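Chemist: Sequence:
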Amino acid sequence: MTKIVALSLGILMMTSSVTALSSYAERSTESNPSETVAEHTDGNKTDNVVDKVEKGTILHAFCWNFNTIRESMADIVSAGYSAVQTSPITSCTEGENGGMEIYGDGKWYYHYQPNDYTIGNYQLGTREEFIAMCNEAHKYGIKVIVDVMANHTTPVMDEVSEEWLKAGGGSFDTLLHKNYKKSVVDYGDRLQCTTYSSGGLPDINTELPSWQEYFFRFINDCSDCGADGFRYDSAKHIGLPDDPKEDDGLANNFWEKVKTETKDYDNKFIYAEVLQGDNDRLGDYIREVGRTPASHYGESIRSALANHNLAVADIQDYRIGDAPKNIVTWVESHDTYCNDDGKTWQEVSEEQVISGWAIITARKDGTPLMFDRPYHSTQNAEWGMNRMGTQGDDMYKDHRVSAVNFFRTAMVGEDETLLNPNDDTTAVMIGRGKKGLVIVNTEKELNTDFSVSLSDGKYTDRVDNSTVYTVKNGKLTSEKPIKENSIVVLYNEGYQEKTPSANVGVAENTVFKTTEKTLEVTLTLENSDKGTYSVNGGESVEYRNGDKITIEKPSDGNVVTLELRAQNKENSPTYERV
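Numbering (this note's numbering), first residue to last: 275 to 852.
Bear in mind the hints are in silico, worked out from the structure with no lab data behind them.
Quick caveat, the model's predicted, so the values are computed rather than measured.
One should not assume that every hint holds.
Label pairs and their calculated CB-CB ranges [as the list claims (entries may be wrong)]: (1) Glu826 to Lys718: 46 to 52 angstroms; (2) Glu813 to Gly373: 30 to 36 angstroms; (3) Glu625 to Ser752: 21 to 27 angstroms; (4) Glu535 to Glu688: 34 to 40 angstroms; (5) Tyr377 to Asp521: 38 to 44 angstroms; (6) Asn721 to Pro429: 54 to 60 angstroms; (7) Asp639 to Gly768: 38 to 44 angstroms; (8) Gly473 to Glu813: 45 to 51 angstroms; (9) Glu826 to His582: 43 to 49 angstroms; (10) Glu436 to Ser457: 26 to 32 angstroms; (11) Pro429 to Asp516: 26 to 32 angstroms; (12) Glu816 to Asp738: 25 to 31 angstroms; (13) Asn494 to Asp463: 30 to 36 angstroms.
Result set (SDA-like, lysine to any residue): computed pairs, CA atoms no more than 25 angstroms apart in a straight line [stated by the list, open to error]: (14) Lys708 to Val686; (15) Lys746 to Asp735; (16) Lys329 to Tyr414; (17) Lys326 to Glu767; (18) Lys709 to Val745; (19) Lys519 to Lys542; (20) Lys617 to Ser574; (21) Lys440 to Tyr488; (22) Lys708 to Ser725; (23) Lys440 to Gly394; (24) Lys749 to Thr722; (25) Lys533 to Ser508; (26) Lys617 to Asn654; (27) Lys749 to Ala585; (28) Lys718 to Val686; (29) Lys329 to Glu767; (30) Lys456 to Ala525; (31) Lys519 to Asp447; (32) Lys537 to Asn600; (33) Lys718 to Asp554; (34) Lys617 to Tyr817; (35) Lys787 to Gly768; (36) Lys718 to Lys749; (37) Lys456 to Lys537; (38) Lys440 to Gly373; (39) Lys599 to Asp554; (40) Lys537 to Asn389.
We put the CB at the ideal spot given by N, CA and C, even for glycine.
Work out the full structure: start from the sequences and follow the hints.
Modeler: Next up, the structure:
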C-alpha cells in the first residue's frame, strides 16, 4: 500500500503496505518488464481466488499508481478480491503544473482527460510499471481491469497528439462530432447525448473507421501488457446501433467493434459506465456491451443505510427494470463520492459503506465494486490525506469486508433469500441456499431465535472468529444478541482460515498540512508485533503501535519519504511508504 501525506511546510509522507501470503510461492519473472508482457496464468494463485471476475469482487484502486497496486497485490488477494480496477492509464493533461493532490494542487479528474492513446501518465506511472503491476497481479490470480475513455478528448485541445489527430482524419472537424462545441442540455435526447459534449469534454466521432483502428490498437496493447478487462467511461454518450446519428454516412457500430476488434473478447470482463437517468437504455447497453453499473441500486442501498431501514422491499430490487442482471453493483462510486451531485462521503459513513458492502456482496447477482476512499477521509474531510498515487483507506481490507468477500466466493451457484429477521427492518439477512448466511444489523441489539435457511448445525461467525451460533429445527440462536452496527457471516463449507494482513500507517488525527518546521507523527501497527520505519531511504528502525517520531523539514527540498514495514503473524511482509 502506498500513501503520501502532504504538508504545506513541504514534508511529504508516503505510506505503503504490502502483505504477502505465506502460502504463496514466488516464481521468477523476466528482469526487464518493458520487454515482456504480463503472464496470464493462475498457477500460483491462492485458494480463495476465483477463475471469473464476476464470481468474486472488484477493488477500485482509485488514484493508486501502478507501483502502489503492485506492492499491495498480496494485501488485495488476502482481502478476497478477484480483480483490481485501475484509474485511467492513458497519457493525459497535466494540470496544476503536475500537482499531485487528489483535489487542490492537482486533480483526480485530469487522468480522465486523455491526449493520446498510449499507456502511462504522470499520475499513475509508466508503461513499464503497468506491465510489472499486471505481472504481479497474475501471479496471484488477480485480474486487472482498466478504465478507458473512448468518448472524449482532453478539453485542452492543443495537447491532443499528432498521431491521434491524424487517426481522426487530420483535423478536429473530422475527429470530433459536428456538434462537439455544444453541451448536452437534454439527456433524454439521444442525438444530443451521443454527439454533443458532456462536462466540457469534446465528443469523439467514435464511428470513424480510422479512429477506431487507432483506438483498438491501444486496447489490444493494454491486453498484451496484461489487462483482463475494461470499464468504458461515459459509455452512455456513445451511440447504440439504432440511436440517431449525424448525417456523415457512418454507422453507429462502435460497440460492435468492441466485440470484433478486442483481443480475446470472450474472456474479457467488460462493462460500460451508463449512469441511470433519462432515456439511458440500460438494458440495451447490457445486451450490446455485456454489463453496466446499477447506479440507482447504489442510491437505494445508501438511503436504506442512512435511514436505518433495511426493509427487503426496498433493498432487494436492483432498479434496472427488465434488463438482464449482468450488472456491476456498488454502494458508492468515484462519481458519487467526488462529484457535486453525489457527495456520498457526506451521506454515509465508512462504517455504513462497509455494511452496504456486506449486503451487495452477499447477494447472488451482480459483480460488486469496492470504491476505496482516500486515506484518512471522513465525513468532515472528503480528501483525507489528499495525495495522488498512494493507497486509499484501509477499509478495503477491513476484516468485515474480507469476511464477506470470502463468503461470496464460497457461495457461487447458491440461490439467495433476503429476509428481515422477525420483520425487524433495522436488520437484514441474506441466505445463500442452505449453505451460508450474512446478517447486517444497524441501530440496536438484535436477539436471535428467528427462522433461517441454514442447515442445522453449529457455525462460528467468520467476522469475529469466536461467537458460535446454533441452528436447530431452522431456528438460529446464540448466547448473546447480535450487536448494533455489526455484520455476522456464517458458513462452514468452503471456509478457509486466513491470517489477517499486517496494517501499518499513521494515526487518524495526523495533521497533513502544517507550516511548522517539524511534525510529530504517531505510527500505527495492527496484526503484527513490531514494524520498521525509515526516513528518506535511511536506516530501518523498529517501532510498535503508538510510537511517535519527529519528521523534520528537509533543507534541500520539500519532500520527506517515510517507509513503514511489518509482517503478520505468519511472517508475511507488509510494506508502506509514507
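Chemist: Each hint should be assessed against the structure and marked as holding or not.
Modeler: Status of the hints after comparison with the structure:
no.: 1; hint: Glu826 to Lys718: 46 to 52 angstroms; verdict: 49 angstroms, holds
no.: 2; hint: Glu813 to Gly373: 30 to 36 angstroms; verdict: 31 angstroms, holds
no.: 3; hint: Glu625 to Ser752: 21 to 27 angstroms; verdict: 22 angstroms, holds
no.: 4; hint: Glu535 to Glu688: 34 to 40 angstroms; verdict: 37 angstroms, holds
no.: 5; hint: Tyr377 to Asp521: 38 to 44 angstroms; verdict: 41 angstroms, holds
no.: 6; hint: Asn721 to Pro429: 54 to 60 angstroms; verdict: 58 angstroms, holds
no.: 7; hint: Asp639 to Gly768: 38 to 44 angstroms; verdict: 19 angstroms, violated
no.: 8; hint: Gly473 to Glu813: 45 to 51 angstroms; verdict: 49 angstroms, holds
no.: 9; hint: Glu826 to His582: 43 to 49 angstroms; verdict: 47 angstroms, holds
no.: 10; hint: Glu436 to Ser457: 26 to 32 angstroms; verdict: 27 angstroms, holds
no.: 11; hint: Pro429 to Asp516: 26 to 32 angstroms; verdict: 30 angstroms, holds
no.: 12; hint: Glu816 to Asp738: 25 to 31 angstroms; verdict: 30 angstroms, holds
no.: 13; hint: Asn494 to Asp463: 30 to 36 angstroms; verdict: 34 angstroms, holds
no.: 14; hint: Lys708 to Val686; verdict: 13 angstroms, holds
no.: 15; hint: Lys746 to Asp735; verdict: 16 angstroms, holds
no.: 16; hint: Lys329 to Tyr414; verdict: 16 angstroms, holds
no.: 17; hint: Lys326 to Glu767; verdict: 20 angstroms, holds
no.: 18; hint: Lys709 to Val745; verdict: 12 angstroms, holds
no.: 19; hint: Lys519 to Lys542; verdict: 29 angstroms, violated
no.: 20; hint: Lys617 to Ser574; verdict: 15 angstroms, holds
no.: 21; hint: Lys440 to Tyr488; verdict: 10 angstroms, holds
no.: 22; hint: Lys708 to Ser725; verdict: 12 angstroms, holds
no.: 23; hint: Lys440 to Gly394; verdict: 21 angstroms, holds
no.: 24; hint: Lys749 to Thr722; verdict: 8 angstroms, holds
no.: 25; hint: Lys533 to Ser508; verdict: 18 angstroms, holds
no.: 26; hint: Lys617 to Asn654; verdict: 12 angstroms, holds
no.: 27; hint: Lys749 to Ala585; verdict: 21 angstroms, holds
no.: 28; hint: Lys718 to Val686; verdict: 31 angstroms, violated
no.: 29; hint: Lys329 to Glu767; verdict: 17 angstroms, holds
no.: 30; hint: Lys456 to Ala525; verdict: 21 angstroms, holds
no.: 31; hint: Lys519 to Asp447; verdict: 16 angstroms, holds
no.: 32; hint: Lys537 to Asn600; verdict: 21 angstroms, holds
no.: 33; hint: Lys718 to Asp554; verdict: 39 angstroms, violated
no.: 34; hint: Lys617 to Tyr817; verdict: 37 angstroms, violated
no.: 35; hint: Lys787 to Gly768; verdict: 47 angstroms, violated
no.: 36; hint: Lys718 to Lys749; verdict: 21 angstroms, holds
no.: 37; hint: Lys456 to Lys537; verdict: 35 angstroms, violated
no.: 38; hint: Lys440 to Gly373; verdict: 30 angstroms, violated
no.: 39; hint: Lys599 to Asp554; verdict: 16 angstroms, holds
no.: 40; hint: Lys537 to Asn389; verdict: 24 angstroms, holds
Checked against the numbered hints given earlier, this structure breaks hints 7, 19, 28, 33, 34, 35, 37 and 38; the rest are met.
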